[in-house]
Amino acid sequence: MHNNRTTSCRLMVLILCVIAGLPAASSQADILLPAVISDNMVLQAGDRARLWGWADPNEEIEVGISWRDFTWCIQADDTGKWEFLLNSPDVGGPYQITLKGKNTVTIRNILAGQVWVCSGQSNMQMSVNQVLNAENEIAAAGYPKIRLFTVERRVAEEPQDDCKGKWVECSPETVGGFSAAGYFFGRELHKELKQPIGLIHTSWGGTPAEAWTSMPRLEENPNFEPIVTRYKQAVAVYPEAMAKYKQDLAKWEEAAAKAKAGGKPAPGGRPNPPMGPGHYQSPAGLYNAMIAPLLPYTICGAIWYQGESNAGRAYQYRELFPTMIKCWWDDWRQADFPFLFVQLANYMEVKDAPGDSAWAELREAQTMTLDIPNTGMAVAIDIGEAKDIHPKNKQDVGKRLALWALANTYGVNVVYSGPLYKSMQKSGNKIVLRFEHCDGGLVAKGGEPLKGFVIAGEDRKFVRADARIEGDTVVVGSEQVAEPAAVRYAWADNPVCNLFNKAGLPASPFRTDTWPGTTANSK
Numbered sequence: 011m012h013n014n015r016t017t018s019c020r021l022m023v024l025i026l027c028v029i030a031g032l033p034a035a036s037s038q039a040d041i042l043l044p045a046v047i048s049d050n051m052v053l054q055a056g057d058r059a060r061l062w063g064w065a066d067p068n069e070e071i072e073v074g075i076s077w078r079d080f081t082w083c084i085q086a087d088d089t090g091k092w093e094f095l096l097n098s099p100d101v102g103g104p105y106q107i108t109l110k111g112k113n114t115v116t117i118r119n120i121l122a123g124q125v126w127v128c129s130g131q132s133n134m135q136m137s138v139n140q141v142l143n144a145e146n147e148i149a150a151a152g153y154p155k156i157r158l159f160t161v162e163r164r165v166a167e168e169p170q171d172d173c174k175g176k177w178v179e180c181s182p183e184t185v186g187g188f189s190a191a192g193y194f195f196g197r198e199l200h201k202e203l204k205q206p207i208g209l210i211h212t213s214w215g216g217t218p219a220e221a222w223t224s225m226p227r228l229e230e231n232p233n234f235e236p237i238v239t240r241y242k243q244a245v246a247v248y249p250e251a252m253a254k255y256k257q258d259l260a261k262w263e264e265a266a267a268k269a270k271a272g273g274k275p276a277p278g279g280r281p282n283p284p285m286g287p288g289h290y291q292s293p294a295g296l297y298n299a300m301i302a303p304l305l306p307y308t309i310c311g312a313i314w315y316q317g318e319s320n321a322g323r324a325y326q327y328r329e330l331f332p333t334m335i336k337c338w339w340d341d342w343r344q345a346d347f348p349f350l351f352v353q354l355a356n357y358m359e360v361k362d363a364p365g366d367s368a369w370a371e372l373r374e375a376q377t378m379t380l381d382i383p384n385t386g387m388a389v390a391i392d393i394g395e396a397k398d399i400h401p402k403n404k405q406d407v408g409k410r411l412a413l414w415a416l417a418n419t420y421g422v423n424v425v426y427s428g429p430l431y432k433s434m435q436k437s438g439n440k441i442v443l444r445f446e447h448c449d450g451g452l453v454a455k456g457g458e459p460l461k462g463f464v465i466a467g468e469d470r471k472f473v474r475a476d477a478r479i480e481g482d483t484v485v486v487g488s489e490q491v492a493e494p495a496a497v498r499y500a501w502a503d504n505p506v507c508n509l510f511n512k513a514g515l516p517a518s519p520f521r522t523d524t525w526p527g528t529t530a531n532s533k
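As numbered in my numbering, residues 11 to 533 make up the sequence shown, in order.
Don't take every hint at face value.
[As the list claims (entries may be wrong)] Capping the alpha-carbon separation at 25 Å, the derived lysine-lysine pairs in BS3-like fashion look like this:
#1 K270 with K242
#2 K155 with K204
#3 K432 with K397
#4 K256 with K274
#5 K176 with K155
#6 K512 with K533
#7 K155 with K409
#8 K436 with K402
#9 K336 with K361
#10 K512 with K201
#11 K91 with K174
#12 K155 with K201
#13 K436 with K461
#14 K397 with K455
#15 K461 with K533
#16 K176 with K110
#17 K201 with K432
#18 K409 with K256
#19 K268 with K361
#20 K91 with K112
#21 K242 with K361
#22 K336 with K533
#23 K455 with K402
#24 K397 with K440
[As the list claims (entries may be wrong)] Computed spacing ranges between beta-carbons, pair by pair:
#25 D398 with V424: 28 to 34 Å
#26 P275 with V101: 51 to 57 Å
#27 G457 with P169: 49 to 55 Å
No lab work stands behind these hints: they were computed from the structure. Bear in mind that the values here come from a model prediction, so they are computed numbers and not experimental data. Beta carbons: idealized from backbone N, C-alpha and C, even for Gly.
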């Protein structure tokens, strides 16, 4: 068998050399792998998993896999890069892969299952040790068939081909610092599908969507010209801005040290570094360093929790967010994989009166993204916290994301969405609203009456409305509005609202009008 393998290997090398127009390798160097291809990893089951790495230019590498009695050879290109697609095994493991060149590299404890990327800003970054009931959640996290990979936070001006991180088995010792939303999502899939789950966590708090989008995609769209221009202007003055920042920071640190010595708190107003190369909010900076290195890796889909940093430019987000999604789809070189996201939770002062809201407009932009096939949205309007932008209930966030995946990716018969506004019809001095996803019927959580509805005539002056459920519709009206033109629901940063379906999932905030919002001209 060994002689047959050797002959097969040499023949394959010659074939690859002819196809590539390259000479046979005459020297060899150590085989190197990216961080994401390593011990404990999860391969997307039953798919064409991509493996890649580096060696000497034109070096031949023998590949062996434990789930098949077969060995073949590949060849690095003239820059030393090699890449190939591997028929991954069905669900199970552990398996191993052996690569032989000058050195031998063995990747051990591999599982085949479902692989998901978990990305966004601070609410995806928020770790398990910060959530509700954290101590018990961590103690119960003995799931060795869930594997966790966290990309080290880094910014880059150009796309990178590797990152820092490692795969670990999920356990009470490893889960505490991992993304809570990601973990609870993966846990739900693992329990329901009875499959290994691989979670690749790549997020950074306080980051806008443009930081996660490639620069060519931003530059090719005239509507994103303000983003690109602001950054170019910041780069032009960056040396002077950085010098001033260092001076201001030194003064602040001196004042803070004196305050500490005197038993007083540090002064406020700590200087922030200027926008420019290396800034975590720079356009494409996180795409280059924290997405590009993952792009060859075969995945099932992605979950996303972000939007707070773009709320002041919600109208722009209507196009920016879909652009980012399509950028990932194209650059990942896979079909349009499932992309599931969390709508912004309720936050800030509770508002029970009509008014404008940038956060409501951002939620609207997120809802509009559902028009793109293979996207899904978990509504979180009922599980936020007024005084904390990082609500601690990430269990329900993960579960609601998982419901979308279970129903639409894996074909499980579950209710996966709360009511979504579909259409309106005027009926005398009232407006009748129809919804999708009324599964089991509409309900007012906590009992009647329905809360969160406002109504206006053509004068665009909204007032609180009376609303009642009639079958799968909601009828809305007010004695103050004789000729109604529009209805809004949960249209506030932190609204009082209670429309759900009987499956216990909340209705998404919405409005029936298209009147210009508070962020309409923000770029």
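Hint-by-hint comparison with the structure:
As the CA atoms of K270 and K242 are separated by approximately 39 Å, the hinted pair breaks the 25 Å bound. Straight-line distance between C-alpha atoms of K155 and K204 comes to about 9 Å, which keeps the hinted pair within the 25 Å bound. Restraint check for K432 and K397: not satisfied, since their Cα atoms lie roughly 32 Å apart, outside the 25 Å limit. Using a Cα cut-off of 25 Å, the hinted pair K256 and K274 holds, with the two alpha carbons roughly 24 Å apart.
For the proposed pair K176 and K155, the alpha carbon gap of about 15 Å is at most 25 Å, so the pair holds. The straight-line distance between the Cα atoms of K512 and K533 is roughly 40 Å, outside the 25 Å bound, and the hint therefore fails. Between K155 and K409, the direct Cα distance comes to roughly 18 Å. Compliance with the 25 Å bound is thereby established for this hinted pair. With a C-alpha separation of about 40 Å, the suggested pair K436 and K402 falls outside the 25 Å cut-off, and the hint is violated.
Proximity of K336 to K361 is assessed by CA-CA distance (about 35 Å); at most 25 Å being required, the pair is judged violated. Among the hinted pairs, K512 with K201 is consistent with the structure: their alpha-carbon atoms are about 23 Å apart, no more than 25 Å. This hinted pair checks out: K91 and K174 have alpha carbons roughly 19 Å apart, not beyond 25 Å. Proposed proximity of K155 and K201 is supported: the alpha carbons are some 11 Å apart, at most 25 Å.
In summary, the hint linking K436 to K461 is supported, as the alpha carbons are separated by about 20 Å, within the 25 Å threshold. A hinted pair counts as satisfied when its Cα atoms are at most 25 Å apart, and K397 with K455 qualifies at roughly 23 Å. Using a Cα cut-off of 25 Å, the hinted pair K461 and K533 is violated, with the two alpha carbons roughly 33 Å apart. Restraint check: the Cα-Cα separation between K176 and K110 comes to about 22 Å, which is no more than 25 Å; the hinted pair holds.
Of the pairs offered as hints, the one joining K201 and K432 is violated, with about 33 Å between alpha carbons and a cut-off of 25 Å exceeded. Annotation: proposed proximity of K409 to K256 is violated, straight-line Cα distance about 45 Å (limit 25 Å). Restraint check for K268 and K361: the C-alpha separation of about 42 Å exceeds 25 Å, so the hint is violated. Among the hinted pairs, K91 with K112 is consistent with the structure: their alpha-carbon atoms are about 15 Å apart, no more than 25 Å.
Taking the CA atoms of K242 and K361, the gap is near 39 Å; set against the 25 Å cutoff, the hint is violated. Under the criterion of a C-alpha separation no larger than 25 Å, the hint pairing K336 with K533 is consistent with the structure, at around 20 Å. About 21 Å separates the Cα atoms of K455 and K402, which keeps this hinted pair within 25 Å; it holds. About 36 Å separates the Cα atoms of K397 and K440, which puts this hinted pair outside 25 Å; it is violated.
Between D398 and V424 the CB atoms are about 30 Å apart, so this pair conforms to the stated range of 28 to 34 Å. Distance hint check: the CB atoms of P275 and V101 are about 55 Å apart, consistent with the given range 51 to 57 Å. For the pair G457 and P169, the supplied restraint of 49 to 55 Å holds, since their beta-carbon distance comes to about 54 Å.
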